Amino acid sequence: MATQAMSRRGRRQRGGEGGMKSLGRAVRYISRYRRTTSIAVIALLISIGAQLMVPQLNQNILDTIVYGTAAQRISALPVAQQADALAQAGLTADQLSRYANSAEQILYWSIFLILVFAVMRGTFAFTQTFMAQKLSQDVAFEFRNELFAKIQRLSFSYHDRNRTGQLMVRATDDVEKLQVFLGQGLLLALQAVILLTGALVLMLLTNLRLTLLMLPILPIALVLFMVFGSVSQPLFVKVQQKLSTLNSILQENLAGIKVVKAFAREGEEAARFNTANVDLMQQQITVARVFSFLFPVIFLIANIGQAAVLYFGGRQILAGTLTIGEWQKFSLYLIFVFFPIGQLGFIISQMSQASASAHRIFEILDASNDVTDRPDAVTLPSVQGNVVFDDVSFRYFNSGENVLTDISFAAAPGETVALLGSTGSGKTTIINLIPRFYDVSDGAVRIDGHDVRDVTIESLRRQIGIVLQETNLFTGTIRENIAFGRPDASDDEVIDAAKAAAAHDFIMSFPDGYATPVGERGTTLSGGQKQRIAIARALLLDPHILILDDSTSSVDVTTEVAIQAALDRLMEGRTSFVIAQRISTVLNADQILVLDKGRVVARGKHAELMEESPIYADIYRSQLVEDAVATTAA
Amino acid sequence: MIGGPRGLLEQEALKPKSVSATLRRFGRYFAPYWLVLIVTLVLMIGNAWVQVITPELLGQAVDCYFTPGVANLAVEAAPAAADAATSAQPTAAQTNCWFDTLPSNAPTADLLRGLGRLSLVLVGLYIFGSISGGLMFFMMSWSGQKVLTALRGDLFDHLQRLSLGFYSKHESGDLMSRITNDSNIIQQAISFALIQVVSGSLLIVWIAWVMLRTNFLYGLLSLAVVPLMALTTVWFSGQARKAFRSARREIGNVNAELEEGISGVREVQAFSREDANIESFRQSNAANRDANIRAVTYTSALAPTLEALGFVAVAIVAGVGGILMLRGQSLGGTALSVGLIVTYLAFVQRFNQPIQQISVLWTNIQSAIAGAERIFELLDEEPEIEERPGAKLMPPITGRVVFTDVTAEYNPDEQVLRGIDLVAEPGQTVAIVGPTGAGKTTLVNLIPRFYDVTGGSVTIDGVDVRDVTLHSLRSQIGLVLQDSFLFNDTVMNNIRFGRPDASDDEVIAAAKLAKAHDFIERLPEGYETTLGERGGGLSQGQRQLLSIARAALANPNLLILDEATSSVDTRTERQIQSALDDLLAGRTSFVIAHRLSTIRNADQVLVLKAGQIIERGTHEELLALEGAYHALYMDQFRAQEAVKA
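Chains as they are written, first to last, in our numbering: chain F, 89 to 722; chain W, 611 to 1255.
To be clear, the hints were calculated from the coordinates, so they are not data collected in a lab. Bear in mind that the values here come from a model prediction, so they are computed numbers and not experimental data. Among the hints, a few may not be true.
To be verified - Computed Cβ-Cβ distance ranges for the label pairs, DEER-style:
#, chain 1, residue 1, chain 2, residue 2, range
1, F, V378, W, P1006, 52 to 58 angstroms
2, W, L1003, F, R251, 45 to 51 angstroms
3, W, D1192, F, Q472, 49 to 55 angstroms
4, F, N362, W, R1132, 58 to 64 angstroms
5, W, A1119, F, D584, 31 to 37 angstroms
6, F, D600, W, G1047, 21 to 27 angstroms
7, W, E781, F, N362, 23 to 29 angstroms
8, F, E660, W, A866, 35 to 41 angstroms
9, F, V385, W, P642, 46 to 52 angstroms
Glycine included, every Cβ here is placed at the ideal spot set by N, Cα and C.
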């Protein structure tokens, strides 16, 4: 929790610095969709135009009604008095005759025009909104694609530093925030500015004095909206934090219910939940308090503006410098002014969020890939299986400490090299250097004489089979998972590989056989089944070099036997590097490398090492105690 | 503000089954806050009143002050004729001016004074409206949050009381997402939707009533577009919801591929599948984009259509009113006035928003009721294991455990254990072996009474476990599970979980006994290091050591241990082994055994198959029997021999 809050704080700071620049860069993505953008902008201009026309027509109608009735009355007067009355009413003779004769016509026209503008407004507002939404989807599409492609290609060292969850958040949440801002926020901002300016200009044209009176309210409103935006955002973040605290307690108690019950800790857990529960409630109530204060205040300001227009406009009406129609028009325009101010306030507060998101997204897109093809990389010819480590040292980027130091060994084609050592001794790092998941810091790894850095990554990895302890399967059928490395393999090839991996029988026991879908990350399969599919997957590549972790995870005895037999078949005739957990592997190995703190501390065959290396003898005894006893008992 | 009702339309709409029962039960949670609710309702009415009355006041401003002024202009010039006109044609049809019904020839100063007063009243009303609106929102949220908190608390307490049988039937992940989802929807409904829908409906009905009452025909004409608005909204949101449903599926695919691509990135690169994966992602990404674009077609159309309909309403009000006035005709017996037109114009502008909100939020409320229903269903789930009314405290355990003809079953036609008899003397270690599904876990689960026997009895020191309180029983039994569940808390607190009142020194002593002290010391902040979710950041072996330390701290005389089968590295393995040996010493222990050494050291080995004990004895005795145990044992052994050959 504490680290989360810290990283959040850290993020925001970073967002502030490089954020705006990143946002500018993100905005340029819009230019990939010029057509959509221009249609949206044109539609926006037309729909705002139509929107601004309606109050004008409203004015025409009202004035026609007022003056039309007045004109009718004046016309009813004796001709001698008409001139005086006209002067008083501020009408000319022309207007009089127009209002008297064609008032109804003006009215019909105005109504007709309102309907026309209604249709226009509807059509173009729809076009604008739709295009904006489309643009936002398009932009999200681009960002997700680029992110995914980048993430897929970033080397292991990057993935060591970044957790799946973090990357997920960037590809989902951050993209979403940016998408809303780029696709809709920017356009809305444009719309707000145009509407605001248009309405203000029209207000000025309608009545200068009344407009000047309204002007001081506008900045106040803008500031309030911005305050509102910036106050509400962190409040929501806090609610989210409290909610996730509460949820993680709930989650723990659901998943760990047995532990809670076993230690009879229900009371304490309930108290913990209650604290978090009340905490969340109080935060929610704080939010409610802020909202129930700020919202009404903002509306009140807008409404007081209207009341002011009523009074000061009314004074002018009575003085004859403003018509009732103009007054109505003016108060409608005032709404058109307040509304975009509100939008701008929100968009501005969104901007900082969007720029932080943009910054985080570009952080991934700009991450440098440690392992890439050299410009002059050649295709690795068909591999024989000669693997040489030549004085190899390895340390992680920006770490001074060696993970591997001066490792040298050679494996001839078909040999099995067993790697032994405790956690952190460097076993995994050694095998990771062969398919060039990392690059050596010093020295070189050579396959058949080619430095692995001189050949294309794809040609290198296609010729190396890998079976890891933690097996990741992918959504799709069992067949697709076995053919993962060679999607073009024939059915027979897939079945052969499965048979060799002792997987065929259990696959056929499923109703759908090879077409059985593997749930997300292989959830429908047991650990042993997943492992055998991973073996089949590696077998199908028919690689000359094999890398594997021979430990079997929790499986019953029979399955373990089957898996071990499959692994042994897999290693036959291939240069194999094995992180050894089994005695049989060690006994059969052509070379055993005993690692300690990144160095080879002993090497040789089993018999030699038992004699010469106390460390080896120690590991051997401790690890294989069961076998030893079993042998005695038999 | 941005995105409008989209977020809400994206939610899945759920249909409740028994609305009234659920609402009644939900209502009970609100009962303590009845006074607050009544005040909220009063405020809501007040707020709506302001919204209804202000357009009328604008109309009054026109009729009582503006039009008399305009009429004046003509009147001053021709008093006689104007008088005649006024009497023949009552300009101020709506003569119920609040302050003064001024004669049409009133001096401008009087009109201005009246207008000033009216404006002040308007400001006052606006202030009142804001205060009542704010208070109403706050009080509703306040009581809503109180109710939600109570509901969450009840739910949590209940979930804790439910027995393991319930949890074996429900995935914790499913439960979790159900609960968070449902409470989220309810939260939204309570803090937002409910008040909007109620006050919006109130406003619409009130305005409609006022419009119809003032002038029935004119009101009817002005309201003509309202049903159209409602229909449009319902139709568009229905379509949008349908479209979003498929969009949600697509985004689900995108996220699944994303997750897989990231978490499986090492395999992807190992098998050179980058390009294929990127292409496949691109396709689901595009499908998601297209589904979303289809969906936003409807949401994009909603607001503009309503706005256009609003303009039509304006045209009707202004047009009909204007023409009738010009012709000097009345409508439905009442003459129209400019003020009335202005009032009605303001009214029709207030319809748009509530209609849109109600139709969008209505589904939200429906879903919330369905959510509440499901939460109540969970609350109605009966715990299978409950303390007897007169349950006593379990006396301090010595450690003699006796199973007498025990049967256990999850459902009537599926017996998990049959005829189990066993006696474990204090300090003895009982190892239980057998294939998966033989009933090993069920057997040990009967001791801390996670499940109840369906026949026979389990006694500890002669006391039936069903006769004592759960707390006194379980707090004296130590448990080390295969999946060492750790909490998102410090190492210290995770170990202390075994005995909350233990001092730091005791915790450290337990960690030393469990051989966990050394690696804990090497963690960045030692004992104060916070562990990630489910103990993330530690290796499996380290997690096991912590869970052993936890059990050691509890210092129970009776211990249940489910040995982990997964492989850990050699050194850790040895540490676990020796930690377990220390832990088992002198305690009655039941071990689901996977390690040969454990089995060899056990005082009794029980071989379980299909719910029955088929062999029992010590390791040597069982080997000599050459029965099932021997076969099981030799299987492993032979396999290793075969490999060596």
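Taking each numbered hint in turn, which are not upheld by the structure, reported in ascending numerical order? Of the numbered hints, 4, 5, 9 do not hold.
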